[in-house]
Structures are given as structure tokens and as C-alpha cells.
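Residue numbers (the UniProt record's numbering), protein chains in the order written: chain A, 1 to 561; chain B, 1 to 561.
It cannot be assumed that every hint is accurate.
No distinction is drawn between identical chains; accordingly, a pair holds when it is met within one copy or between any pair of copies.
Mimicking DSSO-like on lysine-lysine, the simulated pairs with C-alpha atoms at most 27 Å apart in a straight line are [as the list claims (entries may be wrong)]:
hint, residue 1, residue 2
1, K505, K529
2, K157, K433
3, K20, K143
4, K307, K323
5, K433, K143
6, K323, K74
7, K307, K433
8, K437, K143
9, K497, K350
10, K437, K307
11, K430, K307
12, K430, K120
13, K157, K18
14, K20, K437
15, K143, K430
16, K74, K120
17, K323, K529
I should point out that these hints are in silico values taken from the structure, not numbers from a laboratory.
Protein chains: 2
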Amino acid sequence: MSLQPSTTTSWQEQVADKRKRLQTLIPPEWTIAPVPDEQVNVLDVPQTCGLLTDRELEITDTPDVTVLLQKLAKAEWSAVEVTTAFSKRAIIAHQVVNCLTEIFIDRALQRAAELDAYLKEHGTVMGPLHGLPVSLKDQFPIKGLETTMGYAAWIGKVAEDDAVLVQLLLRAGAVLFVRTNVPQTLMWGETYNNVFGRTLNPYNRTLTPGGSSGGESALISMHGSPLGVGSDIGGSIRVPSHFCGLYGFKPSSHRMPSYGIVNSLDGQDSIPTAIGPLTVSLSGVIAFVRGILNLEPWRYCPATIPKPWSQDDYSLRNRNGGKNLCFGIMWDEGSVKPHPPILRALTETKNALEAAGHKVIEWKSLRHSEYIAVARSIWLSDGSEDYNSCLTTGEPLINSMVPDADPNDIPAFRIPRQPLTAYQLWQLNKEKKALRKAHLDRWEATAAETGTGRPIDALICPVAPYAAVPHGQTRSSIYTVIWNTLDCPGLVVPVTKVDPAVDTKPVREVFWSEEDRVVYDMYDPEIYKGVPVGVQIVGPTLQEEVVLGVGEVVDAALRSA
Amino acid sequence: MSLQPSTTTSWQEQVADKRKRLQTLIPPEWTIAPVPDEQVNVLDVPQTCGLLTDRELEITDTPDVTVLLQKLAKAEWSAVEVTTAFSKRAIIAHQVVNCLTEIFIDRALQRAAELDAYLKEHGTVMGPLHGLPVSLKDQFPIKGLETTMGYAAWIGKVAEDDAVLVQLLLRAGAVLFVRTNVPQTLMWGETYNNVFGRTLNPYNRTLTPGGSSGGESALISMHGSPLGVGSDIGGSIRVPSHFCGLYGFKPSSHRMPSYGIVNSLDGQDSIPTAIGPLTVSLSGVIAFVRGILNLEPWRYCPATIPKPWSQDDYSLRNRNGGKNLCFGIMWDEGSVKPHPPILRALTETKNALEAAGHKVIEWKSLRHSEYIAVARSIWLSDGSEDYNSCLTTGEPLINSMVPDADPNDIPAFRIPRQPLTAYQLWQLNKEKKALRKAHLDRWEATAAETGTGRPIDALICPVAPYAAVPHGQTRSSIYTVIWNTLDCPGLVVPVTKVDPAVDTKPVREVFWSEEDRVVYDMYDPEIYKGVPVGVQIVGPTLQEEVVLGVGEVVDAALRSA
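Could you put together the complete structure from these sequences and hints?
Laid out in C-alpha cells, this is it:
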């Protein structure tokens, strides 16, 4: 990256300039009439604003990424018209939920035209994602464009190279067109920073779309993009997918190519970031993972494990072809009881699986709190030196996601710690290793209960103890962090929506912890009315194909229930 | 581990007691007549001492592990007689080169008898290593036995569990019978500690067998074990294999199961230890790696990548079946020129490969010194806190491997450093990542020169700039550390022996570095006369099967040259 220094201007001036430049990238003819603040649900704005043609609505409302890819491959829809449709819808979404950080539709349309010409000339697609518009979280540098990642100090940082994933997406035939908002430091389950401000949940703008890939989840749930790429160190793909009714997948940390991304806590390799998709359909998750693996990312990213896509694993060949599987179910992690709609989503999933001939057994909570504690100790081991190194402009560190928060009011899980030594970090790595062994042994031991001769084929659990919460109300992402500590792949599948008529608030007087009480007090069915609820499907480390294959089994069971 | 405290006795007394207990495990009837110190080459002692029967000599002299396994599987040789033969020969070796730390032949013979009974009853072997005696570096705990790893403070530490690799070796049918010596701290290319003293090179006892798996290399080169398991963080399998004329293999760091081992710098995961075999034949390397992978070690060790053995990769299916390959050759790493016999071994390998129809192109040195620098900074980042935590008895830290060294005379690469913070360690991880990317791009770029349409199939390079050196003379293991920093698998294949008639000392007046001059000055053909010389075959990260398949091509070319 080369820094084009902004020298003497204040960070506020730099931010104002950046916002202005972003604004100028919105074609004036794509500006919509203002939507009043009182309209909290903005999902129908693309239909009602009058900007999209019927055909553009048909394209962008296509619920299955595979169908999009097929129509593109057959030239039923050209890449230019698909790119135009999603670009317009992305711009519409941005005007109501503030989800974009970089807009480069001109490049995208030029690229789409090249793809159309390629298809016409060769009679075949350029790659498995030919013509598919793909949005990117603001961590994936593209040559010639800025990547600010929500830091004022990074305004003007123009990338000299594409991130490896960007190179591979282009080789796969994707059309990149926008990048999306993140929280400052990335280490939050919401999306707010001093440069671009706050991203809102299209289901209810008083709620957060989650984070840190919250620009993506807001955008995709409005069908402003069919598929986006996020990153997840503690839930940053899965929480926003759950909050916005999407499919989201966090692979194991070294399966997808990370080289060349910008990141928080860069060089922290103990519990690292994983890259994965958020999208409108499970077919999109599979197209992305298979498409990238088939391009042999380990030849370009030194941190990617050379493990080719396994069609056998994906088709559950050694798991009875996906018939009569056995699932574990974890209703809670033992310290914070999920809200009623979360438990209902688990129950519906369990019932659907049993109705489809599968077995579901209880997963007993064991050492989950230790998984959280070790992750937090590792991530905070630099004593915030990484964050501070990005705040050189005088821009303040954001301590709370509450709108107009008292800057000194810091949630417990964000309180800075004293820096550790390298030796102390090594001791944490040893703890992590012992915890991973305990989990692995526990998983293998389920073979005695499954009746299949195998351990459980996957574990079903909450993504969070709540659905999308009001801005500033997210807590530590315990249900997702567990699987980062253990480096297990986790897939989010949407199940239902909060229904105040059935998801009534139970009376509880005994609590498992202070956190349990706080989370209980947050629940009011009217606040969460109508927002989506997903479940998380977890598998063994680096068995991405198994999780996706099992995910299709779960999804099919839910859709036919 | 439970510590059986030795309370008030001094460390010297504890060491004396440990040595005495070790001595009592040698059956008196297996004691041989003393070999005079003047006899520096002791390779023929097993033949001349009169202790082994002709059949025991035939068994232990078997040059190919596959042949041993076949004869065991057919019950031509019983597990008990094979175990007896290698046990006797190990005890003989120990008496002349001091290679053992734990002796448990009673257990081994009982186990061998069980294996014989199993084969008789079932008509089939228990596993792929049925009846094979396997020795272990003193890092692999076995339930009920001590593991001291050369630290006085660890005397009396009795393991409560088998390391995962021990469990899998037993499941594979192996017979474990001895553990072998290491240097204090493990971070040396020689083998000497305060508990067990110094291990000697059977080719010439005035020379080191290398380290840190030097007990293994000394033992196996005397055929006191057909196959042993070592570990390698900077050359600790490859240097001793090279110094003792063995095949030795360092896989990538997360391919073989490490859970449950004891280690130096435990929790240091930036450039971690890799586990692998040292053995008398390439077939032994392959039997070990394939045998362990086929037992799915990732189900028991959370640090092991679930990547099954690939027969396609091993058979070089996508590499023209092993015909007309293209190799890179690295004559030196740019700062230290190897001694004449090392360069001759490379030349002979190149000639043999070309004679067999392969192409060999030059690998240009680029950033090798940086690979070494970052590794050293990472390993020393704890400011020696890990070492010091093991020296609680008052036992001194060994600063030099020179016999009767001045304890204050510390080689440059061992000088302790100030401890780093976790944040500083993260910065080193970033450096490492950038270096791995530079290497990967360099490797891929060779595709333009190979003529095969692929990058080079493997790289041939020195294992060290010298053959086995006099005790105390090893330097930093630059030629091996490179591949630990890059996490590339490296296979050592023996090529030749030092011949003073051809390996004459060249005149050099210009040196690449001070280290280059020091290493040049070390060379005197008479010192190294007759000791073995190997080469190193390096491949891409986690492509162990490719390196082994290519290794067979190289080995066959050398044997038929």
C-alpha cells in the first residue's frame, strides 16, 4: 500500500472529504426519494422506489445464486444487465441503510462488458462465477482503490496490488462492484466507525445488521448483492448473516486465501481470521467455496492449506450419502440462555431433521467458557497496540456502539488489558491446544451414542443468544467465538422470524450468570418482531465440504417441514 | 505428567541416580568388552563384539524396512526375535556412542509376543508397522515411563498418558523399545545434556551425530533401530540424518500428530516443530508417513490437518508419472559456501538426475538470510524464559557444545535476547508471512523455465554446509532453518562419503561473510574422512506425498548412477 498523505488536514476534514468523494460516485439518476426515519423496515424500498425495471427486479430477486449463474452462462441475462441491476439496487440500499464504503460501478460495468464479449467469442464462461456481482467487505484491497477499513488514518491508502482472493474472484469470472462497511477495529458484532458512520438493519433500522461484516449483511439482505465476502474472527460473518436472514459460512481459518487483505490484529495467528461468503442461498456458499478451491489458492496464498475440494466429502459419501445422519444439538453454552425465538429455531430444526429420518442427540456443554476466555486473552494480548497504531490522526477509539454513547462507558469485553509478553502468549497457545484436544475427544466420543458408527455428523447450535438487537446492545459473541477458538467451520442457515405471538417472554427468576440476566432483560418480543433467526451448523476442523453437504440436508429438511 | 519430587537432593545427585537406574536396565549378559577410545569408527562393533547371532545380524542388517515388514508379516521372522535382535544391537550401540535415555525392552518383548500371538490367531497383521521396532526421541511420553528430555528438573516425571503418536504407532503394530538422547533445550545441531552426557557419531566418535535427534541418528546408523521418530524445528531430523548417512524426513509442521509430546518453546506456534522419521531406507520413511496418515491422526491430535495420504500425489500422477521431471538446484544460500564434499554430492545428484532424463535448473538465492533472521527472532522472543523454567534445580544452561567449554563462551546464534511483547511477535509473524509469499511466488515463477508446464517438481540443496563436524563445532543450521521458516517438507537422502582424495580443500581468499570464512576454515579433508554426505529434497508446503514420490526418483537415479 502506498499512503497518499493528507498532511495538515484534521481527521474530521479528511472524513468529510472521503464521504463527499463517496457521494459523488452515486449517479444522480440513481438517487431515490428520501425514506422517512419512521419507516424502520426498508426491505421493500427497491420495489417501491421506482428505480428498478421489472427485469432488474426479477434479476435481483432471484433467490438462488446457481440460477443466476446458469442464466448468465446461457447469456439469458448479460453480465452487463446483471451488474447494472445489482449496482442500482446496491445504491438504493446504501441510501437507506448506509452500507457502502467504496463504489466502483464504472470498473464493474467495463468488466461485465468484457465478460459478455468473452462468452460471445468463446461460447463458454470465463470461470465458475462468470458474471456474478460480488461485494467485498472493506478488507480486500483492489489495485488502484482506497481501503480504509473504517480508519481515518487509512483514507488515501491506495492499493498497489489486488488481494489474492480478489485475483481469484476475477479469474473465476466474478464482477466486483462495491465494498462494504465495518466497525472500527473490526472486533465488534455491529457496524459503526468514524469514517462512514453506522450501518442499519433493513428489517428494522433501529436494529444493527450485526458485524463486523455488517455492511455486507445489510446490502445482501436488500438483494443489493447476491453474494459478498466477509471475514470472521469471532462471529463476523455468522452474526450478521443471522441478524439479516442470510446464509453465511465461516470456514476453518486456513482454507480460503487471506494473503493481501488488511486486517485488525494482523500477525495474530493464534486464533486468526477466516474468510468466507454471505449470500442469499446455500448454493451461493457452495459455488464460492468450490469455485475458489478449484483455483488452487495455495499456489498464491502461503497461508492456505493445499486441500482440494472433495466432492466425496461434500456428497457425504462416507456418511451414508446423507441419509439417517446423527446430529448433536447444543441448546445453550451453559452461561447465557438464548431468547425464545432462538430456542424455537433450534426446536424447529430438530423436528425437521427427525421428520426427515435423522437422529438428534444432546451435546452437553463442557468447557465453553474457557474457549471464550482464552480467545479474549489472545486478542487483547497486545494491550491495544494494534488499534492505537491505526489512530494516529487523533481519531478517537470507539468504546461503545451505543448511539451518542458516553465515550468512557466501555463494555466489559472491550476493556483494554495490559500487554503480554511473547512467552505469556505462548502459554495461551498451550491452553488453546489443550482445549482443542478436549473438544476433539468429546466429539469423537459421541460415536458411542450416534448409532451410525461415526461421531455426530454435525452440531446444531445458536448463532447468538438473540436476533438482531438495537444499536449498541450486542454483547460478547460467545456462541460464535467458541468455534473460532476451536477452528471449526460454521454455517449459518436461516430458519424463521421472530413472532411475538409465539415467542413470548418466559418468567425466569434464577439466572446462570450476570450476563444471563442482562441478556434475559434485553428480550421484549415487540423489539425483535419480524427479524430473522438462523441456526449454526458446526463440523470438524477443515472439513468444510462435510459441513456444506450436511448443510444441504438441514436446509432441505427445514424447507420441506 | 505427575512429578515425583526428588525434594532435597542436588541436581547432580538426581542425575547420578537417573544414570544408575538407566544402567541397571542393561541386561548384564548384553554388556560388551570396552572399546578403546582410539577406535573412532565403531560401526563394526555389532559384528565384532560377538553378542549377536548370525540370524540377529541378518535381521538387523536388513537394509530395507519394507523387507523387514514383509518378513514379519509372513512370520518368517517373529516379532520377538526381531525385537530381541534390535534391542541387543541398541544396547551395544549405547555402550559405544551413548545414545539411549530410556530402555524398556521388557515391555517391548511382551508387546512383541502379543503381536506374534495376534498374527498366529488372526492370520493377519495388527497394522502396517506390525512387529517393527521403533525408537523414539526423548520427547514422546509413554504412560508409566519418565520423560526427561535432558533436563535434570524433569527426572522423575512419569507420563500419565501416551503421546498421540505413541498411541498410533501401537495401533499400527509397532514395537517401542528405547528412547534416545537430545541436547539440552533441543535447540542445537548436536546432542549433549547434563543428564545423559554426549552422544557420539558411530562413523567417528570425535564427531557429533548431529542434533537435536542425535540419539536417534547414532542409534539407527548402527542399526540399533530400523526406524526412529524425531522432531525438527530448525534441522533436528535432517542434520542428524545427514551426519549419520540416513534417510530423514521433516514433514510440514501440522501433518504428523504432535499432541502430547514434550517440547522446548512449547506454545510457540509461529515456526513450530515438525515430527518425522529417521531410518535406514526410503521405504521406511514412506511406510511411516503413510501408516500414520492412514490412521487419521487428526481424529486424535487437534493440530494435525485432516489431509489423507494421497496415492495420486505420491505416484506423481500429475507429474508425468515421475518421468522427465524438472528440479531446481540450490548450490548455496548465498552467505556460506558449502564444503567440497557437499558440493560434490549436489553435482553427483544433478548428474544422476540428468542421466535419468530429468532436467535440473538453477535456483537463485533470494532472501534466505531473512528466513533465518525471522526464525531466530521468533524462537528467542521469550528472552529464554522457557529454558529458564526448566532449570529450576540449579542445573546450568549449556552455552556451548564444545567439550570442556568455557561456560561464558556463547556462539553468536545462541546469545539470549531481550524478551519481546506479544505485539512484537505479531509483527514477526507478518514478516514471516511476507517471506512465505515471496518464496511461493518465486517457486511458481519457475514454471517459465521448467519446460514441463509446472513449477519445479522439487528443489535439491545442501542439508548443511559441512558433513559431521567435531563436537562443539556446529554452527547455525541455515540450510535447514530456511525450510522451517517456509514450512516446506524436506527429505534427506544419503549420497556419498567424504573422500579426501577428491574432496580437496580449495584456495579461497574472498569470502561472502565472516561466517563463510569460519566455515571455510573448518574444512580439512582428513577430519571428515569417510563420513556420510546427504542432500536435501524440498517441496511445497503440505505436499509430503510429492516429496516422497520425487524422493524415490532421486534415490533411484543415485543408486543406478
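Hints and how they fare:
Proximity of K505 to K529 under the C-alpha cut-off of 27 Å is restricted to the intra-copy arrangement: shortest distance 13 Å within a copy versus 85 Å between copies. Proximity of K157 to K433 under the C-alpha cut-off of 27 Å is restricted to the inter-copy arrangement: shortest distance 21 Å between copies versus 37 Å within a copy. Within a single copy, K20 and K143 get their C-alpha atoms as close as 21 Å, which meets the 27 Å cut-off; across copies the closest is 68 Å, which misses it. Taking the shortest Cα distances, K307 and K323 sit within 27 Å of each other both inside one copy (26 Å) and across copies (25 Å).
Taking CA atoms no more than 27 Å apart as the test, K433 paired with K143 passes between copies only; the shortest distance there is 20 Å, against 38 Å inside one copy. With identical chains, the CA atoms of K323 and K74 are never at most 27 Å apart, being 34 Å at best within one copy and 41 Å at best between copies. Taking the closest pair of Cα atoms, K307 and K433 come within 27 Å of each other both inside a single copy (22 Å) and across two copies (19 Å). In this assembly of identical chains, the alpha carbons of K437 and K143 lie at most 27 Å apart only when taken from different copies (18 Å versus 42 Å within one copy).
Taking identical chains as interchangeable, the C-alpha atoms of K497 and K350 lie at most 27 Å apart only when both belong to the same chain, with a minimum of 17 Å there against 68 Å between chains. Taking CA atoms no more than 27 Å apart as the test, K437 paired with K307 passes in both settings, with 22 Å inside one copy and 18 Å between copies. For a Cα distance limit of 27 Å, the shortest separation of K430 from K307 qualifies both inside one copy, at 26 Å, and across copies, at 23 Å. Taking identical chains as interchangeable, the C-alpha atoms of K430 and K120 are never at most 27 Å apart, the minima being 56 Å within one chain and 44 Å between chains.
Taking the shortest Cα distances, K157 and K18 sit within 27 Å of each other inside one copy (12 Å), while across copies they are farther apart (63 Å). For a Cα distance limit of 27 Å, the shortest separation of K20 from K437 qualifies neither inside one copy, at 52 Å, nor across copies, at 37 Å. For the identical chains of this complex, K143 and K430 are inter-copy neighbours only, at 21 Å across copies versus 39 Å inside a copy, given an alpha-carbon limit of 27 Å. For the identical chains of this complex, K74 and K120 are intra-copy neighbours only, at 10 Å inside a copy versus 65 Å across copies, given an alpha-carbon limit of 27 Å.
In this assembly of identical chains, the alpha carbons of K323 and K529 never lie at most 27 Å apart, being 36 Å within a copy and 67 Å across copies at closest.
Comparing the model with each numbered hint stated earlier shows that hints 6, 12, 14, 17 do not hold.
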